[in-house]
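Enquirer: As a plain string of letters, each chain reads:
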Amino acid sequence: MTQNKETNNIFANIFEERAEYLSKQDLIAWSVETPQDRRIIKELQGSGAKLLIGPRGSGKSTLLRKAYFNLLDAGEILPAYINCSQSLALEPLFHNHANALQIFRQWVLFKIVVGIADAFKDAQKAVPENLENVAKIAKDFIDELERGNEPNLENAIALSALKHLINGWASDNGFRRCVLLLDDAAHAFSSMQQKEFFEIFRNLKSCTISPKAAVYPGITSYSPNFHLGHDAKPVYAWYQPEEEGYLDTMRELIKKRLPSEQVADLFKEQELVDYLAVASFGVPRSFLTMISQLLGIEEDSPNELRRSLAKKAVVSNCSFTRGIFKSLSGKLPRYSHFIDIGRELEVAIIKELKKYNKASVKQKTVIVGIAEPTEQELDKILTLLEYAGIVRSIDTVSWNNNQSYRRYSVHYALLIEKNALSLIGNYPLSMLITTFTKHEHKNFLQSRGTQLLGNDFQTKCILDLAPCQNCGADRAYDEAKFCVECGRQLSDVSIYEELLKNSVDKLPLPRKKLALLKEHSSIKIVQDILMDNENQQVRKIKGIGPIWASRIRNAAEEFVSV
Amino acid sequence: MSNDKKWCLVNTLEKQEETAFDVSSFCTSMSESEPSPIDDFYSYSGDIIKLGSPSQLIKNPILGRLLLLALVSGVELYFRSILSGIIKHCPIARKHAFKQQISLENVEYYGFDEIGFGLLEGVSFTSSGNIKKETRRLTDIELKNVTSSVWVSLLDFDKICQFRHATAHSRGQLSARNLRELGISVDRTRSALSVSLKEFQNAAQICHNCVQAYNRYMYRVLIERWLGHHILIGEWDTDSEKFSNLFKLFKSEIDNVAFNLPKEAYMDLMPTILDSLTKTVKRDQ
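Protein chains in written order, with the working numbering: chain L, 1 to 562; chain S, 1 to 285.
Hints listed in this document are in silico derivations from the structure and should not be mistaken for laboratory results.
A virtual CB, placed ideally from N, CA and C, is assigned to each residue, including glycine.
It cannot be assumed that every hint is accurate.
[Said to hold, decoys possible] Covered stretches of chain L, as calculated for chain S (at least 3 residues, CB under 8 Å):
1. 94-105
2. 475-488
[Stated by the list, open to error] The calculated label-pair distances, taken between Cβ atoms and stated as ranges, are:
3. L:R343 / S:K133: 52 to 60 Å
4. S:S124 / L:D474: 37 to 45 Å
5. L:E479 / S:E235: 45 to 53 Å
6. S:S25 / L:K195: 50 to 58 Å
7. L:N155 / S:E34: 40 to 48 Å
8. L:L228 / S:E34: 52 to 60 Å
9. L:S494 / S:N245: 28 to 36 Å
Whole structure, please, built from the sequences with the hints as guidance.
Expert: Quick look at the structure:
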């Protein structure tokens with residue numbers, strides 16, 4: 001299917017635009033709302049602190065934005081949408097400023113102020129004068145920081161003072177209370193920032209201020225005083241393929257997003273749409289990416305059979321998901337050995353599931369239960385896999401002889417890729433779809449860490465700590481600040497700055513696109529993509545149109561953000 | 001029982017003996033080499049940190065406390081050296097410091113070049129309050145931004161100084177005042193200082209933060225003050241001697257950041273210098 005430039009631009013918007021940038025109209029027009037979504041949105045609009053937990057692309061921003069617009073429309077509660085995705089750019093401060101925590105704290109508080117001022121504008125209400133004044137200071141502070149300068153903290157605002165101001169801005173303008181919707185709040189690899197963020201979050205909570213934050217499953221570092229469940233209620237935003245109505249939801253999503261011509265074309269083979277819905281493992285963003293590949297609107301789509309294109313899309317989704325997991329080595333370098341073992345764990349689980357399913361023709365499963373107690377190292381690996389969306393935590397169950405198992409489902413695209421269901425020959429897609437959407441939780445593979453990874457796996461899980469830059473001696477302990485051999489201060493590089501310096505090869509993008517980037521532009525490292533204003537350089541490359549240009553930028557942004 | 005023996009029932013008299021005590025044998029000449037105060041601090045603290053190996057700290061629970069005391073002493077010397085250097089190289093600070101009184105003995109001992117050491121005799125740098133006070137007294141520079149990096153580091157240093165106090169004056173037993181200053185509730189349990197590897201390294205980090213932040217801050221403030229007072233005029237040939245002396249006073253070779261030569265640093269600052277000079281000219285017009 002050949003598309004002209006204009007159509008490609010439209011598709012770039014449809015497939016690549018992120019919810020946080022969509023207008024209210026587009027957001028409503030392009031997204032679906034399940035009963036579960038409505039329940040979550042209600043939770044987000046309600047009182048109390050909540051954490052919205054889900055992997056990337058699971059729709060957290062969509063839910064937060066919908067809650068925001070709903071509250072604006074109702075006019076009773078003052079909402080503020082605050083995108084914290086840039087917070088990692090502040091991470092280098094933690095390596096050279098003793099007051100980095102204060103700067104970060106101010107950044108969060110000032111982002112809230114700007115978010116509240118924007119809410120007044122979005123509601124087409126006059127911004128209160130004192131809010132406008134504080135917002136001006138806040139914007140200057142944020143701009144200064146983003147330019148890489150140390151901002152002036154003389155106008156710093158205390159958290160208690162901000163709470164007082166928020167209450168005033170709300171009550172003086174007829175709002176009963178305020179809901180703060182903090183998006184992209186959890187970063188995997190700056191634990192100091194994370195802990196400080198959750199201290200702020202915990203202290204913001206009051207009977208008139210309800211903070212909500214979107215976080216990732218698995219490796220979010222909470223502060224010592226923050227207790228999930230007690231300080232904030234967890235709310236899970238991640239569709240489950242086995243839930244009733246799941247396929248309808250995903251089909252509806254396409255109908256909402258695509259022009260009717262494409263919808264009609266796609267639904268000639270609805271099974272393929274359902275197949276991709278299952279392979280997306282409940283992540284709408286992955287689903288839409290695979291659909292774009294199936295539709296052949298990729299700039300380099302070959303003329304192939306639909307089923308073969310769909311299979312390719314699934315394989316591509318697998319490499320993308322594994323790429324996210326692999327990229328954790330750069331973001332959490334000390335855990336690089338754990339990430340290697342995590343890859344082995346993924347392979348071992350899938351192999352065992354395949355064996356299990358081969359022996360059990362009628363009762364196939366996609367779930368693995370890991371016998372408790374689990375080793376500390378295995379716990380860490382599982383949280384890393386959960387963050388990347390490779391596994392999904394289900395529950396803990398007690399089985400025969402009171403042995404308890406922690407159960408996980410494995411990303412369905414990975415299971416499809418390796419035929420872990422052990423389906424024979426040229427099986428009908430319906431069989432695969434039914435197995436994934438109708439499987440019984442009571443059937444699961446029972447295993448344990450040593451069984452999957454070998455008896456010696458713990459010895460391989462060692463922290464990868466950089467030696468002393470002066471004398472090469474090993475660090476005395478994980479968080480050592482000085483070398484005990486030569487006495488020199490140990491240098492800890494800024495992970496953010498290191499990530500920017502990474503070659504573009506590290507991005508989860510197809511080899512072909514990476515080769516085009518490197519051959520036909522001066523783009524070599526991740527920073528080059530981020531510095532490429534409006535993708536101008538990337539767009540000039542033959543073979544990379546607007547869809548891939550957006551996708552490349554998104555990949556770079558995600559690489560350095562979460 | 002003789003009169004003497006009567007008073008020896010609590011502890012022995014026998015082990016007390018006359019000691020030939022030559023105080024000069026305790027003293028040695030100081031080395032002539034002159035690294036910048038920050039590098040001098042780095043190499044001294046490096047020697048202290050090497051003594052705090054994990055095995056030694058476990059073997060000897062007193063060691064951590066003593067090393068912490070030694071670290072603070074290193075920070076104190078840094079402040080003496082840097083303030084003395086500022087008085088030597090900054091004409092504004094010198095003019096201000098000359099209002100202070102000093103004994104002739106100190107002038108003779110330290111000499112004119114290091115007169116700042118004389119002005120700081122009897123002064124302790126074991127609290128942020130004193131550091132701020134002495135900075136103002138000798139340089140007329142205020143450390144006033146309560147949220148700046150230097151201020152935050154000084155507040156952390158205050159806590160380490162409470163531990164130093166307990167070590168220096170009561171073998172590590174924390175007084176009620178120590179606890180109050182540290183923000184720890186004073187309950188019935190008597191507390192003593194315990195410094196294992198992690199605590200020792202954190203204390204060393206705080207000492208380093210304090211020195212590094214102060215060093216950066218003072219360099220910046222002095223350059224800005226010089227620009228405001230036309231001590232720097234934006235021409236290397238005229239500015240080189242003054243700038244080089246100040247740069248070398250603050251520059252760390254160990255940190256190995258950016259420029260090693262004063263001229264390179266000066267050229268890098270040129271846009272700031274020109275910008276400031278333009279503003280001053282406009283203001284004067």
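Enquirer: Which numbered hints turn out to be false for this structure?
Expert: The structure breaks none of the hints.
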